[in-house]
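Asks: The residues making up each chain are set out below.
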Amino acid sequence: MELVQPAHLQELIDSFANKDVYIHLETTNGSYASHFKEGFFNAGAFIRNVVVKYELGKVAGESPHRIGLKLPYGWVYAQGITHYTLDEHGRLLMAGLDPDGKLAVSLEISETPFTY
Amino acid sequence: MIKQERHVLVIFPHPDDEAFGVSGTISTYREMGIPVTYACLTLGEMGRNFGNPPFANRETLPQIRKKELLKAAEAMGLDDLRMMGLRDKTVEFEDDEKMVKLVADLIDETQPSLVISFYPNLSVHPDHDATARAVVRAIRRMPESERPTLYTIAFAHNTKEVLGDPDIIHHVEGAAKKKLATMNAHASQTVWMMQDMEKRLAEQDPEALKWLHYERFYTYRWDQDFE
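Protein chains in written order, with the working numbering: chain A, 1 to 116; chain B, 1 to 227.
It is worth saying that the hints were derived from the structure and are not from the lab.
If you're wondering where the values come from, they're calculated on a predicted model, not measured in any experiment.
C-beta atoms are modelled at their ideal positions from N, C-alpha and C, and glycine is treated no differently.
Certain hints may be false.
Said to hold, decoys possible - In silico DSBU-like pairs for lysine-lysine, Cα to Cα no more than 35 Å straight-line:
no., chain 1, residue 1, chain 2, residue 2
1, A, K19, B, K66
2, A, K53, B, K210
3, B, K3, A, K102
4, B, K66, A, K37
5, B, K210, A, K58
Said to hold, decoys possible - From the structure, some residues in chain B lie toward chain A, with a derived Cβ separation under 10 Å:
no., residue
6, A56
7, R221
8, W222
Pulled out of the complex, with its shape left as it was, chain A reads as follows (with noise of 0.2 Å):
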C-alpha cells in the first residue's frame, strides 16, 4: 500500500460506481486495547462482503482522509485512511495505519468477493 494520492485514489473510486460492489469496513483499536489500558473503551464493527452499489464516491479532507460513498437509501464512510493500493485481482484495498503501522481502519471494494 502506498500513501494516498487523492486525486488517483478518485479516479479509483469513480471507477467502481454504479456497480454492484463487495465492501469490507472495519474499524479497530486492537483485542487488547483494554487489557493494555485499564478503562479504555474499546469500540469498533467490521462488515465483509455486503453487496452495496453507489452512485457518489468522495475522497474528501486532508491525509489522513475521509472516504465516503452515497448509495440510493443510505451511506457508507471511512475516516482516517492514509493507505491505499489497488491490488492484483482489482481491489481497491484502503487502509487508516497509524503512526506504528498499525491499522484502526479499513474500507475495501471489490467486484468479486473477498475470501471467508
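Starting from the known structure of chain A, fit chain B onto it as the hints suggest.
Replies: Okay, now just chain B, sitting in the frame of chain A:
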C-alpha cells in the same frame, strides 16, 4: 521436570498464540519423541501490524501469517499442524456446539493424554476465551476416566486472584533457541517485541530470562469448573 505424554494436542486460535508461552514446551515434547498436534483455528486475518511503510494489507496478511505458522512449526519440530479455517475475531460468534464438535473430533482422532489451550474467561482476547470454552466443554463431556489432562494459559490482570499461581512449571532452557526461532518465525507480529526482547536477553535481564527459560500452566480443575 516435564512429564512423559502419549500425545499432546495444542489448540489455539491465532498463529503466534503458541509462540510466547508454549513453544519451549512443544519443542521439548518433540525432542522427547512425543507426538504433538497443533490445531490453529484461524490465520490471524484481522491482525493490525502492517508496518509503516506497510509490508502487508488486510487481504495479503493471512497468507503471510500462514507461511509464518509453517515456519514456526518447523522451528518447534512439529509435524502435525492443522489449520482449521475459521476467521480471526469471529470464533465467539460461531455456533457453540459446532465449536465443541471441532474440539471433540480432534480429541477423538488424536487420543491425546494432554491438551494445552487457554483458560476460559481469563485469556483477554475473545477468540482465546471462546477457544477455551469449547475445549473445556468437549473434555467435560468425556467420561472422567478417559479425559486427557488439560493445561491452560491465563493472563488476564485478575488471573492470580482467581487461579492463584500456576501449578505446572516447565523448565525449557534447553529449547531456548527453538523458542526464539518460533517467536522470530512470526515476524509480522513479533519483530518489534523481539528487538526489545533480544536486547534485554543480551543484558541478562532476569524477567526476560525467566520468560525464555520457564513456561507456566494451570492444570484445569474439574472441581472448580468455570461454568
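Asks: Less than 10 Å between beta-carbons is the criterion; does A56(B) satisfy it with respect to chain A?
Replies: Nearest chain A Cβ about 8 Å off; hint holds.
Asks: Would the hint linking K66(B) and K37(A) be met if the CA-CA limit is 35 Å?
Replies: Holds, at about 30 Å.
Asks: Going straight from one Cα to the other, do K3(B) and K102(A) come out at no more than 35 Å?
Replies: Not OK: K3(B) and K102(A) at ~40 Å, beyond 35 Å, violated.
Asks: Is K19(A) close enough to K66(B), meaning Cα to Cα at most 35 Å?
Replies: Cα-Cα ~33 Å, so holds.
Asks: With the threshold set at 35 Å, check whether the alpha-carbon distance from K210(B) to K58(A) stays at or below it.
Replies: 53 Å, violated
Asks: Is the interface hint satisfied for W222(B)? The criterion is a beta-carbon contact with chain A at less than 10 Å.
Replies: Interface hint status for W222(B): violated (28 Å vs cutoff 10 Å).
Asks: Tell me if the interface restraint on R221(B) is satisfied: Cβ within less than 10 Å of some Cβ in chain A.
Replies: Check failed: Cβ of R221(B) comes no nearer than 24 Å to chain A, outside 10 Å.
Asks: Hint check: K53(A) vs K210(B), CA-CA at most 35 Å. Holds or violated?
Replies: Distance of about 56 Å is beyond 35 Å: violated.
In summary, the numbered hints that this structure violates are 2, 3, 5, 7 and 8.
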